[in-house]
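In order, the protein sequences belong to chains C and S. The opening residue of the first sequence carries number 1 in this note's numbering; numbering runs sequentially from there. The opening residue of the second sequence carries number 1 in this note's numbering; numbering runs sequentially from there.
Not one of these hints is a red herring.
What follows is a list of derived Cβ distance ranges for each label pair:
#, chain 1, residue 1, chain 2, residue 2, range
1, C, 83, S, 17, 33 to 41 Å
2, C, 155, S, 14, 20 to 28 Å
3, C, 90, S, 210, 33 to 41 Å
Just some of the chain S residues that point at chain C, by a computed CB distance under 8 Å:
#, residue
4, 2
5, 12
6, 176
7, 184
8, 187
9, 473
10, 474
By construction, these hints were calculated from the structure, which means they are not laboratory data. These figures come from a predicted structure and were not determined experimentally. Positions of the beta carbon are idealized from the N, C-alpha and C atoms, including for glycine.
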Amino acid sequence: MSEVLTMDAPSASEAAAPAPVLEARALSKRYGDVEAVAGLDLRVGPSEIYCLLGPNGAGKTTTIHLFLGFIEPTGGSVHVTGLDVAAEPLESKRRLAYIPEQVMLYRNLSGLENLEYFAALGGRGSLAPQRLTDILVGAGLPPAAVRRRVSEYSKGMRQKVGVAIAIAKEADALLLDEPTSGLDPQASNEFSELLASLRDRGVAVLMATHDLFRAKESGTRVGIMRHGRLVTELSTDEIGHADLERIYLEHMHE
Amino acid sequence: MTLRTVLRNERRLLAADPALRIALAVFAVLFVYALVNGMAWERFQERTVEAARTGNAERTRALEQELAAIEAGGRPSSPFSDPRAPNVLGGARGAHTAALEPGPLTALAVGQSDLLPYYYDVSIYTNESSFQQNGEVENPLNLMVGRFDLAFVTVYLLPLLVLALSFNVLSEEREQGTLALTLSQPVSARDVVSAKLAFRALLVVGLAAGVSLLGILATGGASFGRVLLWCGTVILYALFWFALAAWVNSLRRSSAWNATVLVGAWLVLVVVLPAAINIAAGLLHPLPSRVEMITAQREASNDAVNRRSELLARYLEDHPEMASGVVADEPGLGALAWAATDAVNGRLEEVTAVHDARRAEQLALVRRYRFLSPALLAQEVLIDAAGTGDARFARFQSQVRTFADEWRQFFVPAILADERMNAGILPDVPTFRFVDEEPGDVARRTAVPLLFLGGLVVLMSVGAGVGLGRVRGAN
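Excised from the complex, chain C in its bound form (with noise of 0.2 Å):
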């Protein structure tokens, strides 16, 4: 799997004092009268994996699809290695890989195809076959099943493929939506294992997320959402797997 991963580390002096990769500037995100987002200041560093939780309609997804650009901001900013989104929406996004939460691609296609273009698109220009589906395999796809089209593909072979995508966009940050949502426990096992080696080559880490368990494992800190605000921001080294679990409940019945 390394073989693949080639992001550069960040050098020792941006390790010393890491600007902020992602950055979220009380941002807020107003739908009618539902505040989605209210004033969120959100901070994620090179080599950090930041997970989100909190209940269903918390504001984790809308946090997301700001940074992607796919909705506006209706107060605040956000920032990718820098960069406003809003001023810069395409440059910002070529520094941004992002995982749906259900991965669909071209059905008639093949995930090798589907990487090629995806790919592509993300400007990476055209990768040789060969590393493609060296990407795919590294991501956990099983070889044979490269050049099969992705109508045959199972939802943890597709989230794969989402994986291969991520990767071989060699991007600063990468955008998580509950990535293991529906994954058996081996494939999130492995899930959390790809996430490390990306962290280990200095990419942040945004993950959208209902899985304590997980986000206590794979994160780095932990940022617990509720009515579009952050409540509480957590490092994982800290606490173990009850405490997080007690605060979160904690939150959640205040």
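Please build the complex by placing chain S on the supplied structure of chain C, with the hints as guidance.
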């Protein structure tokens, strides 16, 4: 870069989609069948024109031989059709068939050429009724749909192929979920949709223009200007439908909604509006009854026969220069008959003038409202480019009228003077030669419809561009 990437992906998607492959194959077959159909008609018209030309030569030769035989002391084959009589030589026996060569691109667009007459037998008896005999009383636009040629397939069916390929160009990406991954890449929805449409437009235009060029090469003889006009119109018309589909997609509704709206637009613009315009033309400017016209013709004829002496006197009053050759109370038979004919012609002109005026009003209405339907505009330009439109036929008819006048001027003085003809006169008898229109004439006529169509394409593309520019997320 985005363009090339999307084009390659589109090629793969198309190759992997059997439904689209079948749709393209069906249209390829339709196009080729339409071309074969058009070529068959063009060959038929060519053969007819050739037969007319041979007929002219044969009649002249037969007359020449008979006249020579009579001069050598022989007798005419029948006392009633003595070729020495100017009303026989200039009448049925010597009649000259004036024929119109098929338009340069008839194989692509039969247009009006299977409705409007493309040959007339011109003699001294040619009058307004000769021009009405074959004329369609019903509005030709109604009947134009009839023949299955390339123009028909292009105007009526091609939009369906365009819509099948483009109705869900954006909505499908959203519905199958690929739009989220696509838009997370550094590309705009507008660029991706434009590239997807460009690929599909290349397919459609390649098919339509390819088959057209095949037909042009197979039949030959068309000027570069006409070929350019044809291909340009096909491309512009296809682009109109692509732009419409792009605009509807930019409204961000479901594929089913897009399909409903676009098929509805096809139905209204291609089927309902042209039909409604024709019906309105018929209702607002009804043509006078043809039976009425024929009755008027007969009445005039009877009247004329009954009062031939009186008519002759009036005729000579009108044409005093002819009076010296004719004795008023004992006129020559031919002169008398001619006087009757001329009177009938005069009455006929009055009757047909009403008919023609109504027809002109009808056409004017259709021409005014054709801007409501891009299908009518495209069809008009295509058949004009092919040389099978109204204008070229009107030009032909007007030249035949002039030729008929020339013919009468050649024979009538001899009839009135009761002269005898001989073989020596045959080379001087007028012959018809159609003077075709200049490319500039066609360009002038088609400029406004083409500009209008182009304007629509630009307008809708801008609308689509603005709408697609607002597409940011996958919802």
